[in-house]
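Residue numbers (my numbering), protein chains in the order written: chain F, 1 to 494; chain V, 1001 to 1094.
There could be a bad hint or two in this list.
Unchecked claim - Here are the simulated DSBU-like cross-link-like pairs (lysine-lysine), alpha carbons at most 35 Å apart as the crow flies: (1) F:K268 with V:K1013; (2) V:K1025 with F:K3; (3) F:K176 with F:K251; (4) F:K123 with V:K1013; (5) V:K1013 with F:K351; (6) V:K1052 with V:K1013; (7) V:K1030 with F:K151; (8) V:K1025 with F:K151; (9) F:K345 with F:K468; (10) F:K282 with F:K71; (11) V:K1019 with F:K281; (12) V:K1005 with F:K176; (13) V:K1049 with F:K422; (14) V:K1049 with F:K490; (15) V:K1030 with F:K345; (16) F:K250 with V:K1019; (17) V:K1025 with F:K329; (18) F:K281 with V:K1052; (19) V:K1013 with F:K468; (20) F:K37 with V:K1013; (21) F:K285 with V:K1049; (22) V:K1049 with V:K1019; (23) V:K1054 with F:K281; (24) F:K285 with V:K1025; (25) V:K1054 with F:K123; (26) F:K285 with F:K329; (27) V:K1030 with F:K479; (28) V:K1025 with F:K37; (29) F:K422 with V:K1052; (30) V:K1030 with F:K282; (31) F:K329 with V:K1054; (32) V:K1052 with F:K71; (33) V:K1049 with F:K201; (34) V:K1049 with F:K439; (35) F:K371 with F:K461; (36) F:K479 with F:K461.
What the hints contain is simulated information worked out from the structure, not anything from laboratory work. Remember, predicted model here, so these are calculated numbers, not experimental data.
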Amino acid sequence: MEKWDVVVVGGGPGGSYAAKTAAEAGLRTVFFERGRKSGEKNSSGCGLGQRWWRDFPDMMTELQELPSVRKIEMVVINLIDEHDRLRYRSGTTGSDLCANRWTHGMDGISIYRRDLDPYLADKAVAAGAELRTSTLVNDVIMDNGRVTGVKTETGESIGAEVVIAADGAMSTMARKTGMRNRWGGGCTLVPQLDFGCNEAKMDDVIGNAEWVWFGPLYGTYQVNFRDGFHIGAGQWLRQDWDEKPLDMMKKVVGIPSFQAMCRAIEAKPREYQAHMLPWLKKPPKTYMGGMMLVGDAAGFPCPLEAEGIWHAVISGREAANTAAWAISKGDTSERALAEYERRWKASDLGKEHEFGEEFVNLWNSSIFDPKLMERQIQLLLEVSMLHPFSIVFDWGDAHMDCFNQHLDHLMELAPEFGEFGKTYIAPLARGIWPSNIKKILLAAKPKIPALRRLSDENYFKVIAKLVKKLAPYLDPAAKQNAPLSREAYKAGGR
Amino acid sequence: MEEMKLDFFELVKRVDTEKMGDFIKYDREKCNGCGLCALVCSFNIWAVKQGKAKLAVRYQDLCVECGGCWEVCEPEAIDFSYPAGGTGVVIEYG
């Protein structure tokens, strides 16, 4: 039987980056892709955010040159009301202050997977890994409850010290080993429709931006590439699923302002696909004896917005590094590979998932509730009318009367969101860094006659006693630039 | 104004569908007839007849390989695996 140090199942971003990392560590590595080339099966994308500049600056520089790339500097938000009318269009991005955080400010890119995936697979091959395409791995070889290799569809057996399963949302490896069967409610299904467009007109009309279409009837992303874009929608695959995927697409395509955009950039429907996308509060166990799961197979996509490419690449890297470490000490047992989970939890990937429950709850309880979305959009529109630019252009009455009427609407709407705020927004407060809470409190200090003469230290002590909720932030032992743990936040009381 | 033509089936590219193999397995005994498989399916490979789901004979020509029917089937009457390597749906603009 053929024998390798590392067998990677899957040639998407997670698999290729795992194979590259393993090969660079000197491990004999083979990786399998079921498509004729990487990037052509069940793939979606794909925005590479600012953190790619931080984590993979050399690759980001090279990726800019690939044909489908559009530079992304902002997100354009389109709010559509229950009557299909465009009510609000606004761009959101950071100011130039963000240039301090990243070498490239707020810039990311959109890139089709047919460019990104082969690029990453080539990197792995250049590092010395062997790639086998058009090859489906459809079984595992187990010995005494641990994975010792894989089998291909032609019945070929391939032995491995470590198997890295990067085989997507329906991971055959996870299922055949019994690590998991169905996701059981934690996975979404995403229909996605691509359009080819006039590139010059896209530059003029769309610009360097991703777009979204939100409303009581819609929750749709629009990823913009050099000469095309795609839209995607979806829901969690649960018993309350209530709409045909094609109907979801038709509904968005029917929005008059969407049609107007299509005309302006000469958009022609080009491709349809649907794919599963895990969107979990918490990834289930990601390792067993002889095997680790990465990317979608592990359930790693971001719990707030479900982007998963960066997560796949980071987890692929951590899995391969763990494999190298485990093989070097001659122990690839379940106990040894638990190191993988420790590593990804300590990484930025783990930090993102610390808020999994809060993020999924927030999303799940707002966007799929048409009645709530209708009122939320009214609330947002009234808030937007208090903006100095808006009030200048409201000529319904004397300007100050207009201002007061909008304020009045807002105060009428606000109480409806009390319960929503308490249940879904308030738990996110534990994410505010203690250093920022202190900045806010210090800004208020000169305005409080009874406390303004206290030293900062004593001022915080008094506040912690008066407002129990703030006590965990003001605990001298609390980490200053990190979120509170769920436990510490709860210990603060109400 | 010219209306946008949307023929979704024409928008899916496939290769060697005859070589895809039997990648969906269906156990009629376990089916509870809930019809969710039919509801999540993009191209109607499932239909519920007389309280049981029925799988289209040549589903390989229609399926988009999303796996939604497998995930949503509570009684686990549907088993989905990936089709043979190098066959089926090809995504050029994913």
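Hint check results:
The suggested pairing of K268 of chain F with K1013 of chain V holds, with an alpha-carbon distance near 16 Å, which does not exceed 35 Å. With a C-alpha separation of about 32 Å, the suggested pair K1025 of chain V and K3 of chain F falls inside the 35 Å cut-off, and the hint holds. Restraint check for K176 of chain F and K251 of chain F: the C-alpha separation of about 39 Å exceeds 35 Å, so the hint is violated. Restraint check for K123 of chain F and K1013 of chain V: the C-alpha separation of about 28 Å stays at or below 35 Å, so the hint holds.
Only pairs whose Cα atoms come within 35 Å are accepted, and K1013 of chain V paired with K351 of chain F is rejected, the gap being roughly 39 Å. Restraint check: the Cα-Cα separation between K1052 of chain V and K1013 of chain V comes to about 30 Å, which is no more than 35 Å; the hinted pair holds. Between K1030 of chain V and K151 of chain F the CA atoms are separated by roughly 29 Å; this keeps the pair inside 35 Å, and the hint holds. Pair hint K1025 of chain V plus K151 of chain F holds up; C-alpha atoms about 20 Å apart against a cutoff of 35 Å.
Under the criterion of a C-alpha separation no larger than 35 Å, the hint pairing K345 of chain F with K468 of chain F is consistent with the structure, at around 30 Å. A distance of roughly 32 Å separates the Cα atoms of K282 of chain F and K71 of chain F; the hinted pair therefore holds under the 35 Å criterion. Our distance criterion of 35 Å between C-alpha atoms is broken by K1019 of chain V and K281 of chain F, whose separation comes to about 38 Å. A distance of roughly 43 Å separates the Cα atoms of K1005 of chain V and K176 of chain F; the hinted pair therefore is violated under the 35 Å criterion.
At roughly 46 Å between alpha-carbon atoms, K1049 of chain V and K422 of chain F are farther apart than 35 Å, so this suggested pair is violated. As the CA atoms of K1049 of chain V and K490 of chain F are separated by approximately 52 Å, the hinted pair breaks the 35 Å bound. Of the supplied pair hints, the one linking K1030 of chain V and K345 of chain F is violated, its CA atoms being roughly 39 Å apart against a limit of 35 Å. The hinted pair formed by K250 of chain F and K1019 of chain V meets the criterion: a straight-line CA distance of about 32 Å does not exceed 35 Å.
Note on K1025 of chain V and K329 of chain F: the hinted pairing is violated, with a Cα-Cα distance of about 42 Å set against a maximum of 35 Å. With a CA separation close to 33 Å, the supplied pair K281 of chain F and K1052 of chain V stays within the 35 Å bound. Restraint check for K1013 of chain V and K468 of chain F: not satisfied, since their Cα atoms lie roughly 60 Å apart, outside the 35 Å limit. Using a Cα cut-off of 35 Å, the hinted pair K37 of chain F and K1013 of chain V holds, with the two alpha carbons roughly 15 Å apart.
Pair hint K285 of chain F plus K1049 of chain V does not hold up; C-alpha atoms about 39 Å apart against a cutoff of 35 Å. Using a Cα cut-off of 35 Å, the hinted pair K1049 of chain V and K1019 of chain V holds, with the two alpha carbons roughly 28 Å apart. Distance restraint check for K1054 of chain V and K281 of chain F: the Cα-Cα separation of roughly 34 Å lies within the 35 Å cut-off, and the hinted pair is therefore satisfied. The hinted pair formed by K285 of chain F and K1025 of chain V meets the criterion: a straight-line CA distance of about 27 Å does not exceed 35 Å.
Among the hinted pairs, K1054 of chain V with K123 of chain F is inconsistent with the structure: their alpha-carbon atoms are about 45 Å apart, more than 35 Å. For the proposed pair K285 of chain F and K329 of chain F, the alpha carbon gap of about 23 Å is at most 35 Å, so the pair holds. For the given pair, K1030 of chain V sits about 53 Å from K479 of chain F by alpha-carbon distance, which is inconsistent with the 35 Å threshold. This hinted pair checks out: K1025 of chain V and K37 of chain F have alpha carbons roughly 27 Å apart, not beyond 35 Å.
Annotation: proposed proximity of K422 of chain F to K1052 of chain V is violated, straight-line Cα distance about 44 Å (limit 35 Å). With a CA separation close to 30 Å, the supplied pair K1030 of chain V and K282 of chain F stays within the 35 Å bound. Of the pairs offered as hints, the one joining K329 of chain F and K1054 of chain V is violated, with about 53 Å between alpha carbons and a cut-off of 35 Å exceeded. Pair hint K1052 of chain V plus K71 of chain F does not hold up; C-alpha atoms about 50 Å apart against a cutoff of 35 Å.
For the hint pairing K1049 of chain V with K201 of chain F, the CA-to-CA distance comes to about 49 Å; that exceeds 35 Å, so the pair is violated. Of the supplied pair hints, the one linking K1049 of chain V and K439 of chain F is violated, its CA atoms being roughly 65 Å apart against a limit of 35 Å. Restraint check for K371 of chain F and K461 of chain F: not satisfied, since their Cα atoms lie roughly 44 Å apart, outside the 35 Å limit. Taking the CA atoms of K479 of chain F and K461 of chain F, the gap is near 17 Å; set against the 35 Å cutoff, the hint holds.
Consistency note: the structure conflicts with the earlier hints numbered 3, 5, 11, 12, 13, 14, 15, 17, 19, 21, 25, 27, 29, 31, 32, 33, 34 and 35.
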